[in-house]
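Here are the chains, one letter per residue:
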Amino acid sequence: MMRRALAWLVVCLALAAPAAAVQPDEMLDDPVLEKRARDISANLRCVVCQNESIDDSNAELARDMRVLVRQRLLAGDSDQQVIQFIVDRYGDFVLLKPPFKAMTYVLWFGPGVLALIALGIGVGYYRGRAREGSAASPARDLSEDERRRLEALLAEEREEKKP
Amino acid sequence: MKRLVYLAPMAVFVVVALFFYRGLQLDPKKLPSVLIDRPVPELDLPPVPGRDEEGLKRAHLLGEVTLVNIFGSWCVACLAEHPLLLKIQESGVAPVHGIDWNEKNPEDGARWLKRNGDPYARVGLDMGPPESHAAIDFGVTGAPETFVVDAEGRIRYKHIGPITAEVWEQTLKPMIEELSQP
Chain A
276 MMRRALAWLV VCLALAAPAA AVQPDEMLDD PVLEKRARDI SANLRCVVCQ
326 NESIDDSNAE LARDMRVLVR QRLLAGDSDQ QVIQFIVDRY GDFVLLKPPF
376 KAMTYVLWFG PGVLALIALG IGVGYYRGRA REGSAASPAR DLSEDERRRL
426 EALLAEEREE KKP
Chain B
13 MKRLVYLAPM AVFVVVALFF YRGLQLDPKK LPSVLIDRPV PELDLPPVPG
63 RDEEGLKRAH LLGEVTLVNI FGSWCVACLA EHPLLLKIQE SGVAPVHGID
113 WNEKNPEDGA RWLKRNGDPY ARVGLDMGPP ESHAAIDFGV TGAPETFVVD
163 AEGRIRYKHI GPITAEVWEQ TLKPMIEELS QP
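Going down the list, the protein sequences come from chains A and B.
According to the working numbering, the residues represented by the first sequence are 276 to 438, in order.
According to the working numbering, the residues represented by the second sequence are 13 to 194, in order.
Pulled out of the complex, with its shape left as it was, chain B reads as follows (with noise of 0.2 Å):
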């Protein structure tokens, strides 16, 4: 009895140790999303200025597997994935939805694609409240963020950050390549 009493305070190491050794790997920028297995929220998105299409709707992430992209011109991040998504694109793999976000005149982004290659097959206008809310809808913390929907509809993975090519390879690819079987 005696002897552990003697050994509590190394107890109480241990635990600590351990909570904090967990600690160091999580990263306090990634927050669980709420809305992975939901369906995606309802979205109704007026077209960046100067693409024909209609914008973006909760429709035309139906039917099958896709990415949808929450970027900006105003973004950093944004610039340096958007070559990988032009490759994405390229492949056929899925197609990539945008939803451009909080841009100070509407005009920014569509000057931004011009500019720098436009690797979406829609693209809709979310300019924040009052508007629209798009990205709040979705959770974004920040841009950019990349969802991955599968053809019911629903919010399957969702990645923070820029992509990668290797986050490509290794999660978003494989993951879409699954969802896509029938």
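Next up, chain A with everything else stripped away, as it sits in the complex (with noise of 0.2 Å):
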């Protein structure tokens, strides 16, 4: 029963698609075009919620940028000018991914400099440790009169302990 139960939720959590927020009367009849338009969509930021792509957001103007994408597949442009096409308009902002070029090196470099950095005072510190560690023996490091105030110590407590 239990088995069953749990089979037929597995079921629908994978029939359950994620929402989009693209309309039945936005969509191409054709879906060669429609899949693309979607691929597109899903890589164009929302201008006005930021956070969201064109293909999730409700917002009115992500509307008319998706079916302005549609419009311009329909017309006959490649994926690659359609995101031109956006790009021209509202800058490499609307790229969820921003392109690989020299504005955005930090962005692309600054995590694994960071990384190398880190690693390298990491590396720097445990070398320091070691060394000082072997470095310093202690019972190298006493002089002849601690070693004989330390005895002197020691024996008194055995002295103490003594009934």
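Careful, some of the hints might be misleading.
[Unchecked claim] Below are the DSSO-like pairs computed for lysine-lysine, each with C-alpha atoms no more than 30 Å apart in a straight line: (1) B:116 - B:69; (2) B:116 - B:99; (3) A:372 - B:99; (4) A:376 - B:170; (5) B:69 - B:185; (6) B:116 - A:310.
What the hints contain is simulated information worked out from the structure, not anything from laboratory work.
As the structure is a computational prediction, the values presented were derived from the model and not from experiment.
Work from the hints to combine the two standalone chains into their complex.
And the structure:
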């Protein structure tokens, strides 16, 4: 019984498509073109909500842009031409994946450089500690004077422990 | 050398703090326009119903400095800047052209202008794709937005949000006057 219920749950979850904002009346009849439109839209930022793609956004402007993307595709534009059409108007900002160019090198290389710096600091730190550790073996570092004092203290303690 | 290592976290903190401090002053809603200094996009908009003229075309933005104002009857902030637009039109500093954007019905904008006064020299109706996409061609992210277009038809400035008296006096008006000089 439980098993069957679970199986049904899995089937239902598998069938549940993530909700997109695309309305049926926006969709193109040609499934190939529609697929291309969806792929393009998923990578274009909605300029109203900013952290959503126009494919996910319910904003009116996102809808307009989805329709425009489909219009350009119907007019025979390539995917790249459609994306360029939008970038010409809104800048690289509309691309959810920033392009790789001089302006964005910090963005692409920054994390790697920071990781390398952190690694360098870490390695330097542990090497330093290892060197200090071997140089400072405690027995050798005690002077003759200190050794005598230590012995005296230990002897004192032994005396006290005696009943 | 040892000392420098102890200063490193401090240095990292200072750099991060500078970034955050700068970030506090940036408004994420204010996107830089890529259209600045570029020619006005091709325009051929039909008129708002009830207005006599032919709508708004690119040719109408040539020959003198103009303001292009994106508005809609649905837009509350547009209503807020409306009295100022009427004053700007009265002052005669530059003609204000309107793009009536994203109306549900073409008549909505006409009704709104009748009710609140009409500051526009010309108004084009942009119902959005598939009919037209003038607002998207202008890189508009919301209404109202106002563009300063020079006599050669190049976009020189974009103001996002309602124009306030301060913005008009300190930014737009001086800019128009400077651009109008021969």
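To see whether the hints hold, each was checked on the structure:
With a C-alpha separation of about 22 Å, the suggested pairing of residue 116 of chain B with residue 69 of chain B holds against the 30 Å cut-off. About 28 Å separates the Cα atoms of residue 116 of chain B and residue 99 of chain B, which keeps this hinted pair within 30 Å; it holds. Our distance criterion of 30 Å between C-alpha atoms is broken by residue 372 of chain A and residue 99 of chain B, whose separation comes to about 44 Å. Of the pairs offered as hints, the one joining residue 376 of chain A and residue 170 of chain B holds, with about 26 Å between alpha carbons and a cut-off of 30 Å not exceeded.
For the hint pairing residue 69 of chain B with residue 185 of chain B, the CA-to-CA distance comes to about 24 Å; that is within 30 Å, so the pair holds. Straight-line distance between C-alpha atoms of residue 116 of chain B and residue 310 of chain A comes to about 29 Å, which keeps the hinted pair within the 30 Å bound.
Hint compliance for this structure: hint 3 alone is broken.
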